[in-house]
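Number of protein chains: 2
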Amino acid sequence: MLPTVDSPLGSLVREELETNGVQVIAQATVTSIDEREGRLAVVADPDLIVDADTVLVVVGVRPDAKLGQEAGVETGEKGALQVNRRMETNLPGVYAAGDCVVTYHRLLDADSYLPLGTTAHKQGRVAGENAVGGERTFEGSLGTQVVKVFELAVARTGLRDEEAAAAGFEALTVESSGFDHKVHYPEAQTISMRLTGERRSGRLLGVQLLGRLGSEVPKRIDIAATALHHGMTVDALNDLDLSYTPPFGSPWDAVQAGAQAWSAAVAP
Amino acid sequence: MLPTVDSPLGSLVREELETNGVQVIAQATVTSIDEREGRLAVVADPDLIVDADTVLVVVGVRPDAKLGQEAGVETGEKGALQVNRRMETNLPGVYAAGDCVVTYHRLLDADSYLPLGTTAHKQGRVAGENAVGGERTFEGSLGTQVVKVFELAVARTGLRDEEAAAAGFEALTVESSGFDHKVHYPEAQTISMRLTGERRSGRLLGVQLLGRLGSEVPKRIDIAATALHHGMTVDALNDLDLSYTPPFGSPWDAVQAGAQAWSAAVAP
Chain A
9 MLPTVDSPLG SLVREELETN GVQVIAQATV TSIDEREGRL AVVADPDLIV DADTVLVVVG
69 VRPDAKLGQE AGVETGEKGA LQVNRRMETN LPGVYAAGDC VVTYHRLLDA DSYLPLGTTA
129 HKQGRVAGEN AVGGERTFEG SLGTQVVKVF ELAVARTGLR DEEAAAAGFE ALTVESSGFD
189 HKVHYPEAQT ISMRLTGERR SGRLLGVQLL GRLGSEVPKR IDIAATALHH GMTVDALNDL
249 DLSYTPPFGS PWDAVQAGAQ AWSAAVAP
Chain B
9 MLPTVDSPLG SLVREELETN GVQVIAQATV TSIDEREGRL AVVADPDLIV DADTVLVVVG
69 VRPDAKLGQE AGVETGEKGA LQVNRRMETN LPGVYAAGDC VVTYHRLLDA DSYLPLGTTA
129 HKQGRVAGEN AVGGERTFEG SLGTQVVKVF ELAVARTGLR DEEAAAAGFE ALTVESSGFD
189 HKVHYPEAQT ISMRLTGERR SGRLLGVQLL GRLGSEVPKR IDIAATALHH GMTVDALNDL
249 DLSYTPPFGS PWDAVQAGAQ AWSAAVAP
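From first to last, the protein sequence lines stand for chains A and B.
Per our numbering, the first sequence starts with residue 9, numbered consecutively.
Per our numbering, the second sequence starts with residue 9, numbered consecutively.
Accuracy of the hints is not assured; some may be wrong.
One copy or two, it doesn't matter: identical chains are merged, so the pair holds either way.
[To be verified] Calculated pairs, DSBU-like style, for lysine-lysine (alpha carbon to alpha carbon, straight line, at most 35 Å):
1. Lys156 to Lys190
2. Lys86 to Lys190
3. Lys156 to Lys86
4. Lys86 to Lys74
No lab work stands behind these hints, which were simulated from the structure alone.
One chain only, chain A, in its complex shape:
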């Protein structure tokens, strides 16, 4: 479930779905969707038929680059329009931004295809500023994402182990868990965390977080994203002067506790 995070967190997502009455069927290939007596039958391989009133088909995202291509704009990653960090295409005076363009990835220092709403807004602003004579550079995506799954928030930023390895980093991912606030204050909740760093340099490469609503996972991932933006090491996260009061946090925030777990695991 949710392949944008590592499978241990995906398993927790699956549990949350099943707890809420969702039947999860994975590893099945849908071969047809038939109308039968006013209802829909989803036929899948291996041998499976599921009755439904409504079927939502979610099969990923592809750039719609036709308009630009027909105008002579070059394409790159996944067929998306090729732009530079000023959001310029190869055609003078023609800018492009959003789900139809390649996105500069700050950690990979390369283009990728990462269509996200936040990225589109940032690229649009860069394109707009430059189009009217400004000077602005797109500072890049970190692939920061968050989703709500019933009562869970699941978030990630940066690279996961395989992504980091594919990009040539000697990466290590360490899983840990901590409380969203001091456990002596009521309603402390567990946050599950997977932190990826580069073994030799100790550089932070990515963070994945999962916690229940109210555990401030969405904005905790943003602390990590801000740290990644600046190329911090995992250890340097401990130097950040983050807020603390028992109802809301700990003297070492959950993100810093995860950093300490990583450092302990990488120590010789």
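Once you have looked at the hints, place chain B on chain A.
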């Protein structure tokens, strides 16, 4: 109320207290606390007597530096023990950390007296690492704080207008408000924000936030703290790849919207 934030936010804190049945009496000087028939009478000037079962007296914090002083440790700000950024005192091999020492302020680039739990933990770790032969420097406090007041979270990091001015910055503070998440998704809540920046350089100097529980004010202030740690400009906050999904945020996070309000106010 709550003089650690600017008075417009302090007024919101006062409202929250009064909504919850707290009688707020400011500008009164307590002259005595007398016992009368088993209860306590707080006598104040101008003319006021308040009956009470229990009186909590909160009059600020002073360093308890006696042990160190008697051993010959030099003192600094507010009489706290003087340490360098390795947490060394003037006595060879003697380290000190916590509420009894001066604290290096990262933005002021000077010592201050800022006794906070998070700071004490960080200083203790630096002292400990160095005491056993390590090499670690205290990276400084930003004065990040958060408090819970009934259903409110009130947070700050960095410098406020007067503090920035006193330190020689030509500062401007702009108040704005935004929603914690997209308003089309249920239960969006308003976050009040005051952002301080340096007019000429555009450098971020401080952020104050106030919002109801669940609006992720505590971890939003930490985004600002992480940005301050790295000396970001207000405008550069817009480049951060923060998480977004309608139940948890907006394509431009509330902190970024506040940055845009500041930039609009400072524009010529």
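Hint check:
no.	hint	verdict
1	Lys156 to Lys190	both (24 Å within a copy, 14 Å between copies)
2	Lys86 to Lys190	between (46 Å within a copy, 30 Å between copies)
3	Lys156 to Lys86	within (27 Å within a copy, 48 Å between copies)
4	Lys86 to Lys74	within (13 Å within a copy, 68 Å between copies)
Consistency with the previously given hints is maintained throughout, with no hint failing.
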